[in-house]
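Protein chains in written order, with numbering that gives the first Met the number 0: chain A, 0 to 412; chain B, 0 to 412; chain C, 0 to 412.
To be clear, the hints were calculated from the coordinates, so they are not data collected in a lab.
All of these numbers come straight from a predicted model, not from anything done at the bench.
Be aware that one or more of the hints could be misleading.
Interface residues of chain A toward chain B, partial, derived using beta-carbon atoms under 8 Å [to be verified]:
id, residue
1, Tyr21
2, Pro23
3, Ser26
4, Tyr208
5, Pro212
6, Lys371
7, Leu377
8, Arg379
Straight-line alpha carbon distances no greater than 20 Å define the calculated EDC-like cross-link-like pairs of lysine to aspartate or glutamate that follow [said to hold, decoys possible]:
id, chain 1, residue 1, chain 2, residue 2
9, C, Lys366, A, Glu102
10, B, Lys284, B, Glu345
11, A, Lys366, B, Glu102
12, C, Lys138, B, Glu382
13, C, Lys366, C, Glu216
14, A, Lys366, A, Glu334
15, A, Lys184, A, Glu345
16, B, Lys138, A, Glu382
17, B, Lys61, B, Asp43
18, C, Lys189, C, Glu58
19, B, Lys189, B, Asp359
20, A, Lys138, C, Glu382
21, A, Lys61, A, Asp20
22, C, Lys366, C, Asp326
23, B, Lys189, B, Glu82
24, A, Lys366, A, Asp326
25, A, Lys189, A, Asp350
26, B, Lys366, C, Glu102
No residue lacks a Cβ here, since even glycine has one placed at the ideal position from N, Cα and C.
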Amino acid sequence: MTLSGSLTSPAPRTVGNLLADYRPGWSLPQDYYRSEALYRAEMDQFFLTEWHFAGLASEIAKAGDYMLFDLCGESAIIVRDAEGRIHAHANVCRHRGSRVCLEPRGSARRFTCPYHAWTYNLDGSLFSARLMDGIDHDKLGLKPVAVEEFCGLVFVSFAADPTSFDQMRRDMGPLLRPFGLDRLKVAARKSYPVAANWKLLVENYNECYHCAPAHPEFARTHPTHMDGDRMKPLNKAMVERAQALNIPTDYVDTVGEHCPPGSVDHTFSRHSLYDDVVTGSDDGKPVAPLLGNLAGYDSGAADVYIGFFNPFLIYNDHVVTYRFIPDGIDRSVQEIIWLVRDDAVEGRDYDLQRLTWLWDVTTVADKTIIEKNQLGVLSRYYEPGPLAGMEFYTRRFLDLYTSRMARAADLPA
Amino acid sequence: MTLSGSLTSPAPRTVGNLLADYRPGWSLPQDYYRSEALYRAEMDQFFLTEWHFAGLASEIAKAGDYMLFDLCGESAIIVRDAEGRIHAHANVCRHRGSRVCLEPRGSARRFTCPYHAWTYNLDGSLFSARLMDGIDHDKLGLKPVAVEEFCGLVFVSFAADPTSFDQMRRDMGPLLRPFGLDRLKVAARKSYPVAANWKLLVENYNECYHCAPAHPEFARTHPTHMDGDRMKPLNKAMVERAQALNIPTDYVDTVGEHCPPGSVDHTFSRHSLYDDVVTGSDDGKPVAPLLGNLAGYDSGAADVYIGFFNPFLIYNDHVVTYRFIPDGIDRSVQEIIWLVRDDAVEGRDYDLQRLTWLWDVTTVADKTIIEKNQLGVLSRYYEPGPLAGMEFYTRRFLDLYTSRMARAADLPA
Amino acid sequence: MTLSGSLTSPAPRTVGNLLADYRPGWSLPQDYYRSEALYRAEMDQFFLTEWHFAGLASEIAKAGDYMLFDLCGESAIIVRDAEGRIHAHANVCRHRGSRVCLEPRGSARRFTCPYHAWTYNLDGSLFSARLMDGIDHDKLGLKPVAVEEFCGLVFVSFAADPTSFDQMRRDMGPLLRPFGLDRLKVAARKSYPVAANWKLLVENYNECYHCAPAHPEFARTHPTHMDGDRMKPLNKAMVERAQALNIPTDYVDTVGEHCPPGSVDHTFSRHSLYDDVVTGSDDGKPVAPLLGNLAGYDSGAADVYIGFFNPFLIYNDHVVTYRFIPDGIDRSVQEIIWLVRDDAVEGRDYDLQRLTWLWDVTTVADKTIIEKNQLGVLSRYYEPGPLAGMEFYTRRFLDLYTSRMARAADLPA
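Chain A extracted, bound-state conformation (with noise of 0.2 Å):
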């Protein structure tokens, strides 16, 4: 027998040379889960120059209104201007680099750093250096972090070039209207340390093979064959409801390939729950008031992603995001928020309880899951395996990740 994975590197190796031992349809060879290199590479090159859902527009609705996003190290002041547009500054001071916002959200006319008092106009420009002379204000205002609305959504990019929401916002403002995305509010917030390698997390989420045996709580309120034979009375029964309620059934896939170079990856695609379920919830029973312009349930939900990591499961009451959270190469966060229409009064209209219910308890399996994966890819046993049909999205996931790597082909691994 020959050992497939070896503790020990004998030789220096490059992102290149991990990206030509990957195998399409096959999971990712062990290196991908322990180098140190990888993991700066992928953080810089790809993690962190793609969109990251941040947070409401709502949340800072007057001039001043200002948040943090913070991720993987990086920090960003989103922040609503007096003419109410929207910034996001890198949260560094050009003096010497502290924060210079330490607060994870509120309202200012200016920031101050706490360190020595530098101060910064809303729109990041220099205010003041504090007794110093002969500096160039114009080249010292906070640096500018990309970012974006759409739809009441903020986005966060930490790239220099980051891709376009032009495309996207044609495509999709019009599938995602009735919903009305800019009339939410966050219900909840809950974050799930993982024991694991990020990308171990972004594959769990995009298969439901592994749905039937870990999930009982959600397969019996959604069907988890998404391509199979017993899907397709389902959809179709769904799809006649839903036209009836004017709600969009399109079936839209930009991402990787099929979106153009420059623009964001999105994706819009709309599928059934059980006959008997309405939403995502203990049991199938509504848990908020219908979102937007709905006028009824059609037992359907609407996967969307906006940017490759942020994908957003709207149930007809309410939506459920997810965010993947890298905080080292084998430790993760999985954090989820609940969005309910900003009308909503919790107590009354909702019960933060059954809200949450059935994500929370597919995630605290989830995180077993994944924790013990971690521990099998890293054995000197592990090599990869092949992916089942119903693992497509994950094997697309690795597709595009290793593609999007190959720009970092020359850097150590």
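Following the hints, position chains B and C against chain A.
Positioned in the frame of chain A, the structure of chains B and C alone reads:
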């Protein structure tokens, strides 16, 4: 003055460079305790490829009974099949690498991976992969891990080509027969985390030069001058008593250069306790029923090694075995397992506190000693010092360790 | 926009490469705070080779009295021998490297290693090695560590060739005589863990540009504009009062390029407090009996450095000294020691709470500031910024740090 150590390594080193620095009869140079690359190499090329005591065959007595054996990130499922044969399988699913078996012990007809429900037979072959077409079942069984049973003791090696038990069985079988090792049970297990490199634990275990200053509890029942003049009359009297009881007093020392290539190391020797002491206990009095076929006490104890890392200290009424468990370059776990005859009843035939007292108090003291040793060997003032004659077995460990690491000479250190 | 920082390092860098990136008058480039190799180099080539304040000679007043001095993994036994001489020995046994002395302070006739009982005389020479033949006792004494006493203060350096105290003694002895530093005792010690690179602590300590915005408690008793026009009249009045009391107001600045090669850096300057403030306290009123031979208060305080890392802030009634203790690249400990005259009695002559209040509250605030600075300098948006005139001593630290690291230019960074 010239500093011997330096906190920076100006040039990349190989394991071979380190080996050239080793001076037999002296303690190891500093880099052996602080090179992360060396640590990975020694795990891969030496530690994990040696045989390790994993448990008793009686712990998996019936078909389908299994127990996990975890070591340094590897996990093996040790299971008895329907024909009574013992197998060990890598606990790594061939699909996407999850741990297949999560419970430390139990009984099963088959093993089903908790992630996507791939299912394996007790012999490791793939029984089913849900909803998968076109895969080669014959190539997707759990990978085999080397396993051996000897005298009811089960050993595992993560080597692709482990050493053979054949000669050891011939040499040691007759010597161990009187002790009835195949009729033992685990009376107690304790783990002692030690903030030190694993080699310092092994170095400590292998010499009794420190017993007189550091272990008064041990020294009052066990003579600590193994080769000294004071031992000779004690051992001579013990041999006479042992022979009268048909207890072997042979000397087997088949280790390192004395061990044929491809064979597992093994030793047997019998040492006298003090005259009025019959076993390793607080007061020298028995702590459990006599083992196997023994008819009495000879005030002796057998030192046995099966493989380099598995010492069995066989008193007439119980067995103590040590496990050395690396947990990163600067952390380890010292585990102790106490074994008594399988029909002994706790509370009636033995008292756990009395049984475990001696080696517990000794190991607690060693924990402190070893941790202070770790601090010192990392100092820039540390340089290898001369070993005493009483440190012969520690020297032999260092010789054998360096000789086996020669196979990794080209790896970075 | 071009990102200044990058989370990946495409090519191996040397310390020399980093030094080329340093721009005097600006904060340090990012790699200075995140290169593990640089951290090891700076510990080895700079930090540990400087002199460090280790305690008071009065703490080891009698023959055999000893105290340990631990820093960055090194440990020195500072001990007074029978002739009254102070020695420092590496706390590393010459046998197998154990710490020899475990208690932080005590009194001993000899030092016996707890592992194998090798025993050393107070002067470090080997007294006995149990059961060992054929070893060279003369070559197996504890290794010497550089130690100096000055004005009752004890300093240690882990350099093989430390700088000399000769000129410093001549320059500083007369200036410090009135303060009776040889008749002090330790009134309090506190440690503040700071999640930041050690250099950020030193940078923070060396400038008062941040005092007005960040330290209102300090700023209401201490003028914070060291070089400004507002200081001149205050200092002029203080000098008159000091001269009337025979308190030195000399200015000594023998640091870096002003310091002869081979001599320890040292500074002396005296600064005015506000008129109605006589010491560093909550209300500006005395907190302990007058030091040494002082006859009264001049509303001034002396800033003294003995070696680069040992600031002594000498008020008329107490001394505050800071220790900067690296604990890995991104963790440090800020220790503060408060000294009062040795015949002062707690509760009668001074109250610990009042004595320690000012620098405790200031250091707690600095801990937060420095940790937020650490977060920022690791951002991909960080780039060095211009230092203010008031940051002159921070700039000097950076200049001196980079100049001394030049000796390590060929090491990897």
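Now the hints, each set against the structure:
1. Tyr21: violated (14 Å)
2. Pro23: violated (15 Å)
3. Ser26: holds (5 Å)
4. Tyr208: At about 5 Å, which falls below the 8 Å cut-off, the nearest Cβ of chain B leaves the hint on A:Tyr208 intact, so it holds.
5. Pro212: Hint holds; A:Pro212 Cβ to chain B Cβ min 4 Å, cut 8 Å.
6. Lys371: holds (4 Å)
7. Leu377: Holds, because the Cβ-Cβ distance from A:Leu377 to chain B comes to roughly 6 Å (cut-off 8 Å).
8. Arg379: Interface hint status for A:Arg379: holds (7 Å vs cutoff 8 Å).
9. C:Lys366 <-> A:Glu102: With a Cα-Cα distance of about 17 Å, the restraint between C:Lys366 and A:Glu102 holds, given a limit of 20 Å.
10. B:Lys284 <-> B:Glu345: It holds: about 17 Å lies between the C-alpha atoms, which stays within 20 Å.
11. A:Lys366 <-> B:Glu102: Distance of about 17 Å is within 20 Å: holds.
12. C:Lys138 <-> B:Glu382: holds (12 Å)
13. C:Lys366 <-> C:Glu216: holds (15 Å)
14. A:Lys366 <-> A:Glu334: It holds: about 11 Å lies between the C-alpha atoms, which stays within 20 Å.
15. A:Lys184 <-> A:Glu345: holds (11 Å)
16. B:Lys138 <-> A:Glu382: The hint holds at about 12 Å.
17. B:Lys61 <-> B:Asp43: Cα-Cα ~33 Å, so violated.
18. C:Lys189 <-> C:Glu58: Since the Cα atoms of C:Lys189 and C:Glu58 sit roughly 18 Å apart, the hinted pair holds (cutoff 20 Å).
19. B:Lys189 <-> B:Asp359: holds (8 Å)
20. A:Lys138 <-> C:Glu382: OK: A:Lys138 and C:Glu382 at ~12 Å, within 20 Å.
21. A:Lys61 <-> A:Asp20: Roughly 51 Å separates the two Cα atoms, so the pair is violated.
22. C:Lys366 <-> C:Asp326: holds (15 Å)
23. B:Lys189 <-> B:Glu82: violated (33 Å)
24. A:Lys366 <-> A:Asp326: holds (15 Å)
25. A:Lys189 <-> A:Asp350: The hint holds at about 15 Å.
26. B:Lys366 <-> C:Glu102: holds (17 Å)
Checked against the numbered hints above, the structure violates hints 1, 2, 17, 21 and 23; every other hint is satisfied.
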